[in-house]
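Visitor: Read off the chains here:
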Amino acid sequence: MLELAEETDLAANAAARRVAAEVRTAGLEGITDVVAAIVTVTVHFTAKDAAQASARREAVGHLLLAALARAGEAGDEPERAPVAIPVCYDPAFAPDLDEVAAATGLSPDEVVRLHVGSPNRVLMIGFVPGHAYVGGLDAKLASVPRRASPRARLEAGSVAIANGQTSVYPFATPGGWNIIGRTPLRLFDPLRDPASLLQAGDPVRFEPISAREFQRLAAEHGGR
Amino acid sequence: MTVRVLRSGVLATVQDLGRSGLQHLAIVPGGAMDPVSHRIANALVGNVRDCATLEFALAGPELAFDRDALIALHGARFEPRLDGAPMPVARPVLVRAGATLRIGRAAEGAFGYLAVAGGIDVPVVLGGRSTFLPGGFGGLDGRAVSAGAAIPLADDVVALSEARFARVVRGGRTGEVSGSGARSVRWFAPMLTLAATDPLVVRVVDGVHAELFEDAARAALTAERWRVAPDSNRMGYRLLGPKLALRAPKDIVSQAVCLGTVQVPGGGQPIVLMADHQTTGGYPRIAEVISADMPRLAQAAPGAAAVRFERVGLAEADAARSDLARRVDDLLERLRWEFGDEND
Chain Y
1225 MLELAEETDL AANAAARRVA AEVRTAGLEG ITDVVAAIVT VTVHFTAKDA AQASARREAV
1285 GHLLLAALAR AGEAGDEPER APVAIPVCYD PAFAPDLDEV AAATGLSPDE VVRLHVGSPN
1345 RVLMIGFVPG HAYVGGLDAK LASVPRRASP RARLEAGSVA IANGQTSVYP FATPGGWNII
1405 GRTPLRLFDP LRDPASLLQA GDPVRFEPIS AREFQRLAAE HGGR
Chain H
5 MTVRVLRSGV LATVQDLGRS GLQHLAIVPG GAMDPVSHRI ANALVGNVRD CATLEFALAG
65 PELAFDRDAL IALHGARFEP RLDGAPMPVA RPVLVRAGAT LRIGRAAEGA FGYLAVAGGI
125 DVPVVLGGRS TFLPGGFGGL DGRAVSAGAA IPLADDVVAL SEARFARVVR GGRTGEVSGS
185 GARSVRWFAP MLTLAATDPL VVRVVDGVHA ELFEDAARAA LTAERWRVAP DSNRMGYRLL
245 GPKLALRAPK DIVSQAVCLG TVQVPGGGQP IVLMADHQTT GGYPRIAEVI SADMPRLAQA
305 APGAAAVRFE RVGLAEADAA RSDLARRVDD LLERLRWEFG DEND
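Line by line, the protein sequences give chains Y and H.
Convert by adding 1224 to the 1-based position in the first sequence; the result is the number in the working numbering.
Convert by adding 4 to the 1-based position in the second sequence; the result is the number in the working numbering.
Please keep in mind that the hints were generated in silico from the structure rather than gathered at the bench.
Warning: the hint list may mix true and false statements.
Example chain H residues on the side facing chain Y (calculated, C-beta under 8 Å, incomplete) [claimed, not checked]:
#1 ASP72
#2 LEU137
#3 GLY139
If you want the footprint, here are the derived chain Y segments under chain H, 3+ residues with CB under 8 Å [as the list claims (entries may be wrong)]:
#4 1269 to 1280
#5 1303 to 1317
#6 1345 to 1355
#7 1363 to 1370
#8 1402 to 1412
We put the beta carbon where it would ideally sit given N, CA and C, even for glycine.
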């Protein structure tokens, strides 16, 4: 595992994704997975015996460091069109919106406006399949911590914020973040290619929709 | 061709060796909790390639066969009954159409594997047939097998079963399973993953955050006898023992974790990540269980087995992995020999 920073850092995240892409492209034998997390790159590999394991461990280390050196030289990420994620911020879908508003001294409408207006980008896909951690949250919302006690179950499609990020939950799972909306999109579908709607590095634009629009889109995407 | 489920047992799921190369989408390899026993079960019915088996924990299901089928049970020590008569385990058994198999409770170990000639015929999803419960896909509709379900078998299971059993008994070493009309053989495959010692010794290497823990916590990890908590599952084994404390609170940015990671959440109770673990986590990682010892740890039954951790270096971890791989390969080779040289 290569650690590029000790704290969440957008530049380190971009570098981590570049390093991961380069390691993947290098196609070193035995590598099964290259996972770019928020500020780390982890390479999973197999080996048939101890000598091979040791040789591959060394080769992976060299590859990571070489890729890291080049990642530092690269410029800004190329601009590309954001993935649009429609989100209904109505109270029925946003159980924690009022609390977030109270905690930040903003009105619920302002919270939504800032969330939509943030320069959002997927920092990593982690936890469960297709679960996106989105960075770039506006500074006024970034101080909101996780909820004191996590929910045992939140709805699939929940859009929630904490610690400067937005989490987009593909499944009904436990979760400790503050839910401020819900998307009707199917974020993960094992029978679709690609299975995950979002990939690490994707710019994201959250688009506010009405409850009626939510129902229409939910029906269109096959419900859940 | 199906097997009907009369009673579900505990956490019965269709499993294979899982999915690879998808962890960047947060899809773990998953697959059998004890892949060694899964592979041996497959080999015992002559499945040369990896086929899906039925995995179950602690208490197995009750199944009705509507056709003849060559089956084998391996992994945890069960005392199954076929139409009421004891059925031999760890060897191929040709069961007759109409037979009822009652697997019962595990006397030792945690996960059992039932293999059928030709494999369990569920669709391949994202490159594997494994049930991935947290994502609700793979296996039988992404869920644990419940009473009333029909487990699909290969179309040619009857012909395949007869042909393979004929080959396996060509030496004449066959025996009747009393009372059921089923037939079996006199040899059996050893269990490679049940605890050989009490407590079970599980080797670990230091985790990336080992230094963040108090010395007492690092010492306790290897000094204590731990037990697997009852609220453990295919995602993680929670360990019962002393609380492991950090020197100082520390925020860790979520990073990739893997099978065998021992993470310690704020409460201090360690969790070993098992087959269906999440792909990333932000809890400090005190240790990583070496891959060679994961199948054994998977077989440590909640509440029953005591586990002691032993700290080793990467060289020993590598050597242990290739040693286990060689022992498994040798056994699989011997089983293939029992089935003769033909391929089907």
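Visitor: Report holds or violated for chain H covering the region 1402 to 1412 of chain Y, Cβ cut-off 8 Å, minimum 3 residues.
Guide: Contact hint for the region 1402 to 1412 of chain Y vs chain H: violated, 1 residues under 8 Å.
Visitor: Tell me if chain H covers the region 1303 to 1317 of chain Y under the three-residue, 8 Å CB rule, please?
Guide: The restraint on the region 1303 to 1317 of chain Y is violated, since only 0 of its residues have a Cβ under 8 Å from chain H and three are required.
Visitor: Are there three or more residues in the region 1269 to 1280 of chain Y whose C-beta lies closer than 8 Å to some C-beta of chain H?
Guide: holds (count 6)
Visitor: Are 3 or more residues of the region 1345 to 1355 of chain Y near chain H, judged by a Cβ distance of less than 8 Å?
Guide: holds (count 8)
Visitor: For the region 1363 to 1370 of chain Y, count the residues whose Cβ lies under 8 Å from any Cβ of chain H; is that count three or more?
Guide: violated (count 0)
Visitor: Taking 8 Å as the limit, does the beta-carbon of ASP72(H) come near enough to a beta-carbon in chain Y?
Guide: Violated, about 34 Å.
Visitor: A closest beta-carbon separation below 8 Å is what the hint needs, so does GLY139(H) meet it against chain Y?
Guide: holds, 5 Å
Visitor: Could you check if LEU137(H) really has its C-beta closer than 8 Å to a C-beta on chain Y?
Guide: violated, 11 Å
The structure shown violates the earlier hints numbered 1, 2, 5, 7, 8.
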